[in-house]
Amino acid sequence: RKEVEQDPGPFNVPEGATVAFNCTYSNSASQSFFWYRQDCRKEPKLLMSVYSSGNEDGRFTAQLNRASQYISLLIRDSKLSDSATYLCVVNTAVAAGNKLTFGGGTRVLVKP
Amino acid sequence: NAGVTQTPKFQVLKTGQSMTLQCAQDMNHNSMYWYRQDPGMGLRLIYYSASEGTTDKGEVPNGYNVSRLNKREFSLRLESAAPSQTSVYFCASRERYSYNEQFFGPGTRLTVL
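So the sequence lines, in the order shown, correspond to chains Y and U.
Heads up, the first sequence is in the working numbering, so the first residue is 1 and it goes up one at a time.
Heads up, the second sequence is in the working numbering, so the first residue is 1001 and it goes up one at a time.
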């Protein structure tokens, strides 16, 4: 089993609709979690960190479920510019510092 | 403030050739990383440097070597390139022991023929 797993998609979303997808992780000791956005052939950029209580940033909501070991990302009122690949990142403390493990990404295509 | 820079942006090598990918950051970060990204796969860690003077293997270190030249620079060397090393390589940096974000360079697209 992969340490961090995501549905690769693509999720085809009508403009203005809501889309949500999850990311599961296998290491229960993982401490912090992030969602990164990656546009085609570009570098990943931080979208948002995921906090235990859940957090919202504009149209984006991230939630963490430690009991079931998954995080989720919800996008409301989807825009064409939201089309991208969303990478789940899990941070785990190891002897040498922090280990970041990336999921394979979920591709979202927002269509008019 | 350029962030993380990488050179070259594109490179084509023949099997068996060697090359070094350069990475530099101007954010005074302690930790630096090298990843590769292949189609349909997430980023896989090749090597990382938690702080100046230290380097450690990641998930896929075979065929690569690294040098943390100073706090700013972290290079990745392919001693004898193989077609399996065709990939996009990203360098990244972040503060050590923090929950802060990781900043990525623009990537190097490497093709090995």
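What the hints contain is simulated information worked out from the structure, not anything from laboratory work.
Where hints are given, some of them may not hold.
Chain Y stretches covered by chain U per the calculated footprint, using a threshold of three residues with CB under 8 angstroms from any CB of chain U [what the hints assert, rightly or not]: (1) 37–45; (2) 73–79.
Looking from chain U toward chain Y, a few residues come up when the C-beta cut is under 8 angstroms (computed) [to be verified]: (3) F1010; (4) D1038; (5) P1039; (6) P1061; (7) Y1064; (8) L1078; (9) Q1102; (10) P1106.
Using C-beta positions, here's what the derived DEER-type ranges look like [as the list claims (entries may be wrong)]: (11) T1007(U) / K45(Y): 39 to 47 angstroms; (12) R76(Y) / V1012(U): 28 to 36 angstroms; (13) K45(Y) / T1015(U): 40 to 48 angstroms; (14) R41(Y) / E1059(U): 17 to 25 angstroms; (15) P112(Y) / E1095(U): 37 to 45 angstroms; (16) R1077(U) / R41(Y): 35 to 43 angstroms; (17) K111(Y) / S1080(U): 41 to 49 angstroms; (18) R1109(U) / L109(Y): 22 to 30 angstroms; (19) L1113(U) / N12(Y): 21 to 29 angstroms; (20) L1113(U) / N55(Y): 44 to 52 angstroms; (21) T92(Y) / N1028(U): 23 to 31 angstroms; (22) G58(Y) / E1095(U): 22 to 30 angstroms; (23) A93(Y) / G1040(U): 25 to 33 angstroms.
Each residue gets a CB set at the ideal place from its N, CA and C atoms; glycine is no exception.
Q. Can you list which hints this structure breaks, lowest number first?
A. Hints 2, 3, 4, 5, 6, 7, 8, 11, 12, 13, 16, 19 not satisfied by this model.
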